[in-house]
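Asker: Residue-level listing of the chains:
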Amino acid sequence: MAVTDAPKITSSRFDLADGHTIERYVATGGYQGLKAALAKSPSGVVDEVKSASLLGRGGAGFPAGVKWGFCPPGVFPRYLVVNGDESEPGTYKDRLLMEKDPHQLIEGVLIGCYAVGCSQAFLYVRGEMALAQERIAQALNDAYAAGHIGKNIYGTEFSVDIVLHWGAGAYIVGEETALIESLEGNRGMPRLKPPFFPAAKGLYLQPTIVNNVETLANLPWIMSNGAAAFAALGAENSKGTRIFAVSGHVKNPGVYEVEFGVTTFRDLLYAPVYGGGIRHDRELKAFIPGGASAPWLYPEHLDVPLEAATVGKLGTMLGSGAVVVFDEQTDMVKACHRLVRFFARESCGKCTPCREGTSWLEKILERIIDGLGRPEDLDLLLDICDNISVGMNWPPRQTTICPLGQSATSPIASAVMRFRDEFEAYLGGPAEITVQVKGPAFVGPYVHEEATADA
Amino acid sequence: MPEAPAETAVAITVNGKAIAARPGELVIDAAERNGVYIPRFCYHHRMEPVGMCRMCLVEVDTGRGMALQPSCMLTVAPDMVVETESPVAKKAQDGILEFLLINHPLDCPVCDKGGECPLQDHTVAFGPGESRFVEEKRHYEKPISISENVYLDRERCILCDRCTRFAKDVAGDTLIHFQDRGNGTQINTFPDHPFASYFSGNTVQICPVGALTAKPYRFKARPWDLDVVESTCTDCAVGCRIVIDGSRNEVLRYAGVDSDPVNWSWLCDKGRFGFEKVGADARLSAPLVKETNGDLVETRWADALTQAARAIKAGLDKNGPGGTAIIGGAHLTNESAYAWAKLAKGVIGTDNVDAQLGDGLPAAMVAGMARATIDEACVAGGTLLVIGSDPKDELAVLFLRIRDAVTLHKTTVVELSPRATSLSEIAAHSLRSVPGAVHELVNQIIAGEGDLAPVRAALANDHLTVLLGRGSMAESAEATVAAAAALLAAFPNVKFLSGLRRANVHGALDLGLTPGFLPGRVTLDDGRAWFTEAWDTVPAEPGLDAAGILAAAADGRIDTLILLGADPLADFPDRELATRGLKGARTVIAVETLLNSSSAFAHIVLPAAGAAEVDGTTTNIEGRVSTVRQKVTPPGTARPDWMIAAELAFRLGADLNITDAASAWAEIERLSAAHAGMTAEALGNEPDGLIVGRTEPDVERPAMVSFSAPAFEAPAVDAYSLRLVTTRRLYDQGTLVSHSPSLAGLAVSGSLLANPTDLDRLGVAPSGNVKVSSPRGAITAAVEPDATVPPGTVVLAWNQGDPSPNALIDAAAPVTEVRLETTS
Amino acid sequence: MARLDDTNLATAKEIISRYPRIKSATIPLLHLAQEQDGYVATDAMEHIAELTNTTPAQVLGTCSFYEMFKREPVGKYLVNICTNISCQIMGGEELLHHAEESLGIKGGSTTADGLFTIEDVECIAACTEAPCLQINYRYFHKISNDQFDEVIADLRSGGRTDEIPPHGTLARIRQHIPADRAAGNADPAGIPEPIWLSAPATAPPEGEKA
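Protein chains in written order, with this note's numbering: chain A, 4 to 458; chain B, 271 to 1094; chain C, 17 to 226.
Calculated from the structure, these hints are not laboratory results.
Ideal placement from N, C-alpha and C gives every residue a C-beta, glycine not left out.
Do not rely on the hints blindly, as some may be mistaken.
Now the in silico label distances, taken between C-beta atoms and shown as ranges [to be verified]:
1. A:Pro198 - B:Asp551: 50 to 56 Å
2. C:Glu88 - B:His463: 14 to 20 Å
3. C:Gly206 - B:Ala1057: 28 to 34 Å
4. A:Pro398 - B:Ala1057: 57 to 63 Å
5. A:Gly229 - B:Ala698: 50 to 56 Å
6. C:Gly206 - A:Ala5: 50 to 56 Å
7. B:Gly333 - A:Glu379: 55 to 61 Å
8. B:Arg303 - C:Glu88: 47 to 53 Å
9. C:Glu88 - A:Ala5: 51 to 57 Å
Below, simulated PhoX-like cross-link-like pairs (lysine-lysine); rule was C-alpha separation at most 25 Å, straight line [stated by the list, open to error]:
10. B:Lys680 - C:Lys158
11. C:Lys86 - C:Lys39
12. C:Lys29 - C:Lys86
13. C:Lys92 - C:Lys39
14. B:Lys412 - B:Lys361
15. A:Lys337 - C:Lys92
16. B:Lys583 - A:Lys366
17. A:Lys154 - C:Lys158
18. A:Lys441 - B:Lys361
19. A:Lys204 - B:Lys407
20. A:Lys254 - C:Lys158
21. A:Lys196 - C:Lys29
22. C:Lys122 - A:Lys366
23. A:Lys196 - B:Lys583
24. B:Lys438 - B:Lys407
25. B:Lys361 - A:Lys366
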């Protein structure tokens, strides 16, 4: 077990009733990170963030400092867009960061704008999060009044406006190019990368950095305490701390900031300070390691550390830090259907395989649950998945612009391959499967070597 | 298309074969040019790719291993390896075809697209034999009408974004759009805002399935029953290349051909759906002569021609050649125009011939100015100065080309017009000129002081083209001519693109259907010796233009007035003069496809063959000569115009030596300075056509005219009056639109638009009817306040029926001043 | 049924002023219209098209993509019950069925008195607090059937209006950028490299600016 005493970097004000106010924020060290940043050159700040090895916390897990460096030189204006459209099922952290500590996020945005040379920032909050919108609006108004944002911040040449913007209900807008489309007033339909890598051709086709809320919330601490202190926490490829939401069948569902890369799934699910074990002391059946899009893991994976690369090698991902726990009594066919229904409802409709494929999958699963399944439906399900994500391997070979369509194949492959008997029970008899599924997490029991060694 | 030169080629490998791609080329295009067709639905090479149907997925290795990529969004890069038929690529493509089909209805047997449907073709070629989809398909009400001429069947739609991209990016009419989301995504209009685009028919043509169908073609034919000829649309002077689809001697539809220098496959709806006039019930099918009771009754050709020849001969005997005059000819083919010019100038000997109806520009200018092509006018980074023309309403597809140049290629548009036009929104500078004084504004811009400095800077471009038209009929062409002269003096490299709109007006001018000119853009004097040798005779003196002819006719000095597909009452700016002229001519001979308002004055009506009924050539605004082809036989005994000219010549004792269109063209090529070298063979080799006057004529031919302009002083503004401006709309009350049922409903009668401050100042009520009076006449019109109309002017649409502004205009006056009074 | 009224028009213009390209204001203005009328009326979309220099079809295209925008009136209280994975396995579907029985309507419909609309929604980011729901986008965590009935009873009797504004109102606090502090929009058509990038900021003064 590796429950460490790492400091809380981003969630330190979660327990304060007034952590969202500017007074409390400033009284607890707020805006000192920005001042520390302004004492450095912008490139110095970039270097600092690079050496902190801060991985993006949105899902893809790309190093933030490196992403900043992708803006083509000499092309201005640059924009910074905050992705606060948290909607991946199981994910619950950015909302808390926005509701409970909005100034920390604002300070992170300012540091990012200073470092990258962004002249305007847009803070895109999910539409359904009314309280977060209110808290951020208040925080922005207070921060403008106090001189933290706007023209010539603290008397320096650094000037930037932060504009609060919110969405209107579309999961796909969490994808960065769809978010940009939405921010431009359009339907949130993703753009193809390349050519539309936001760092090169983003908002209004200008260089744009899209960062997740949690990613930016780390910046004040890194600036105040130094990259070395941050990089001292965590494992080789996963530095600092990270917030995980543990939901489902644990005794203590909750949002926990843990040391990244070191803590294991077993810690997160069973440690008394975290999940506290499976409810009613039942057996663990499976868990989703990183949001609805991630292929599932099983009890044999409990000792895998919460480390991005290690989990990636398993054939799944830490994604958005959303761990959903299924106990032994969970109906995996219904769970699978519910997840697929989600992707079918949230498909933007742009790419044929996702638009047509996800709802086809949903209809078949619905039919199976209604008792109208045919033995050949399991093979059909997997072959449709294979047509959405050819080869069904990991990382996926997707036929679509963004990963949403392919995400719908994760729960199907995970559930059908591991819990085929439950499907057969719905079908009323055995079903033959001929479609080959290649990704490691899709093929049932699997013990990772490193994980074994750690245990 | 030529191969890319080796030094600039990008070497890629497609399916194991080395290919020399062009720099910047998309993989899908490079592969297709080299014989590898990658299936696609959303990609259309005249629009920005969106990569959303995913049908063109291929495996591509750019150095980091094979990955699935849409070939329509991928630019070639050196050493790229592309597999279009590998197992992974095929799996992806087959999967996508299945996905597209699961919700696609199985109504191919009753679908207009069946037989020419990419989805059907791909399915037959590659698709699964039967469907694995046992669920209920998506359902929508089918079909719904989204515009006057287009139906949308959302069940068939595969959401490729072609129609919506066309509407937004090409036409700029974002009236159809994706709505809803995911599996429920649909194309639709906003409630009660139909897809009222001049270009809506293009969406039918580019729809890769039968989701969009054209009402005029609905259930008319199956593609395999159609036979096809390639031709040129002659509904305006852009000269869009088309295919005419027909069956059993009936024209069923037009479709745009992708002519790179001209229309890029686009057509306007007036052109596309105007084919209905070809077989209109009202078409003239037999000659008519006026009886003593005033009725026009059918007769035999021999009688009609004899009467016509007798009238001409009587005039000749009595008053000499000048007693015969011709107005019109802009709707003829080049060959027919030449035949009539030869008849008039070489047989009868009259120079009183004008293909324009006082609504165009002087032939000396059009023929003499340095002419630009559409490509040159739309060149990336160039400047296009637009004077007196609203291309969207007058030369619709040219508007699409200009819009593309501005939105995608940084072409700068400067617009000078008496009121805002369709270009104002995309123009870098849109300036209002005082009616009748545009040259003054041009001179100020050339001086370039103050606010006008950036405008002058925009014109000081190596690639400056002036689109020169005749926007308003309420002012003479003199100010426009003066403006052109000033521009030529200030910017010697300037080129001009003609904005004249009527069908083959440029061909008619080039071939001498205009006073003072002989075929080949040569003046009477310069061409006299050459054509005297060829024709035996040419007129001694420059003759009268349309205004002069009508005035002379009104004075009883015209014995025979021939209307060659012309309607002076509707089209000549001065209706009062037109009426007197038509009444004053002793004999009026109308050569027409359809009766028009002026036909009531005709004594003899000769039925002519029209579009899709004749072979020949036509000349567009650039001077581009392209072929027109016969698809159907003319109604009844109607015959080509050149044949009518030849028959009349015969009855006047002469032989035009024209036996068909080819013989006419051979003579044009042989005699015309401007058409030298444009042999039938050369034209046959170049479907996009050849440009008049661009080949160096051999030395003995007469010199082509060059442009010079007389000085012009605009009349002072009369503070008590308002200056009238007339505007054109694509759909008017003209003969063409009126006889095409699918278009007839689209013409709307116009109100008098006036600036609210002027109405206030004059104490005119801002609604209801006003009496509009000029020195020439008065009309009553509904008034509509419009703040975009510059103070001091009022605007009335041209040829939208009554009230018609031509009742107010004096052809001899440089501007039309009007006064308004509220009618009680 | 309405275009934006004068007050909202002023707000709309302030919102528009914060974007380098005015079309970006489309979604905020749709929210404003929904706040005004409780749903997005056809006239409002036409008005927004005018304000954002787009066509009504474009505004509808955007509007119809997003689930929060209702183009028909809904109840004064929109009850969004999450049934996505974390809630599903913790009783979200049972909560939905209870709500449907309790209010006598199916998901997606509105009570006859126009007070309540129930929706079966996707994850609303309260996964550790399952089952959860939102009423007009105000959260209720780990809510039992009894608690649900209690909230509904309160709302029926006109209570909790401070906590839950009528449908359409999201944040009750609006951002205002003070004119004297605004850095200004970054015009995508081109602005020079920010000064602080090429000439690094001078060391910040100690403490905050007054």
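Asker: Hint by hint, note whether the structure agrees.
Answerer: The hints, checked one at a time:
no.: 1; hint: A:Pro198 - B:Asp551: 50 to 56 Å; verdict: holds, 55 Å
no.: 2; hint: C:Glu88 - B:His463: 14 to 20 Å; verdict: holds, 19 Å
no.: 3; hint: C:Gly206 - B:Ala1057: 28 to 34 Å; verdict: holds, 32 Å
no.: 4; hint: A:Pro398 - B:Ala1057: 57 to 63 Å; verdict: holds, 59 Å
no.: 5; hint: A:Gly229 - B:Ala698: 50 to 56 Å; verdict: holds, 52 Å
no.: 6; hint: C:Gly206 - A:Ala5: 50 to 56 Å; verdict: holds, 52 Å
no.: 7; hint: B:Gly333 - A:Glu379: 55 to 61 Å; verdict: violated, 41 Å
no.: 8; hint: B:Arg303 - C:Glu88: 47 to 53 Å; verdict: holds, 51 Å
no.: 9; hint: C:Glu88 - A:Ala5: 51 to 57 Å; verdict: holds, 54 Å
no.: 10; hint: B:Lys680 - C:Lys158; verdict: violated, 58 Å
no.: 11; hint: C:Lys86 - C:Lys39; verdict: holds, 20 Å
no.: 12; hint: C:Lys29 - C:Lys86; verdict: holds, 23 Å
no.: 13; hint: C:Lys92 - C:Lys39; verdict: violated, 29 Å
no.: 14; hint: B:Lys412 - B:Lys361; verdict: violated, 33 Å
no.: 15; hint: A:Lys337 - C:Lys92; verdict: violated, 33 Å
no.: 16; hint: B:Lys583 - A:Lys366; verdict: violated, 85 Å
no.: 17; hint: A:Lys154 - C:Lys158; verdict: violated, 44 Å
no.: 18; hint: A:Lys441 - B:Lys361; verdict: holds, 16 Å
no.: 19; hint: A:Lys204 - B:Lys407; verdict: violated, 38 Å
no.: 20; hint: A:Lys254 - C:Lys158; verdict: holds, 14 Å
no.: 21; hint: A:Lys196 - C:Lys29; verdict: violated, 34 Å
no.: 22; hint: C:Lys122 - A:Lys366; verdict: holds, 21 Å
no.: 23; hint: A:Lys196 - B:Lys583; verdict: violated, 77 Å
no.: 24; hint: B:Lys438 - B:Lys407; verdict: violated, 29 Å
no.: 25; hint: B:Lys361 - A:Lys366; verdict: holds, 22 Å
Going through the hint list in order, the structure does not satisfy hints 7, 10, 13, 14, 15, 16, 17, 19, 21, 23 and 24.
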